[in-house]
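In my numbering, the protein residues as written are 1 to 203.
Some hints here could point you the wrong way.
Unchecked claim - Result set (BS3-like, lysine-lysine): computed pairs, CA atoms no more than 30 Å apart in a straight line:
id, residue 1, residue 2
1, Lys79, Lys146
2, Lys85, Lys146
3, Lys155, Lys79
4, Lys155, Lys85
5, Lys78, Lys146
6, Lys78, Lys155
To be verified - For each label pair, taking beta carbons as the anchor points, the in silico distance ranges come out as:
id, residue 1, residue 2, range
7, Gly110, His84, 24 to 30 Å
8, Leu114, Asp32, 55 to 61 Å
9, Leu114, Glu152, 17 to 23 Å
10, Gln72, Glu119, 37 to 43 Å
Everything labelled a hint here was simulated from the structure, so no lab data went into it.
Quantities reported herein were computed from a predicted structural model and do not represent experimental measurements.
We put the CB at the ideal spot given by N, CA and C, even for glycine.
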Amino acid sequence: MDDKNVIASAISDNELARAFSEMVADRWDNWDLSEFLPYLVDTVAPSALPYLADQFDIDGLQGFGMAETEQQQRDIIKKSIALHKFIGTPWAIREACRTVGFPIVILEEGVTALPGGPESPEDWARFRVFVEADDSRHITAEESRKIHLFVEFYKNERSHLVEVGYYQRIEASEIVFNTNDWLNVEVTTRRRAFSAGFNRGFK
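Model the full structure from these sequences, guided by the hints.
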């Protein structure tokens, strides 16, 4: 059997039907069908991604607008159903942040309104978030504001986000003073962060 010309057996002996099948095969068999399969997110054309993000309610600061690369845009669309299913949970916050380029997320719950401030009965509902940012990602004041709104979208209604910050890892390195003298410097990882909520820093 000719795999390129599969027609119903009832008309397979009809010369006109076979001629039409061959004509259609010559014209359409080499078409790129990916354009007709928009829900294959890994292969769909980049121009279709904003429409998919809107359809799955993941556009703007809900995720799509936070992605820095096309791959992150595809990933957040693929995660959209799960994120909406578990919205309001710590998992949703961590997974949403991880998908758009913040691989490690630290959630601190039951915190005071101000670091080191007095405790209050409302502290159980307060939390802060620190995200790990790659050295190549510059966290500006505007980016900080977006991260804050991004986390606000995925938190639950009863909780109060008091702070969003970021930290970067400092790895061990070698410093060369001149061609004859080397100094090996061991630097331990520490957290560097700034607050998106109160404009203060943490070390």
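Next item on the list: If any of the earlier hints don't hold here, list their numbers in rising order.
Entry: none
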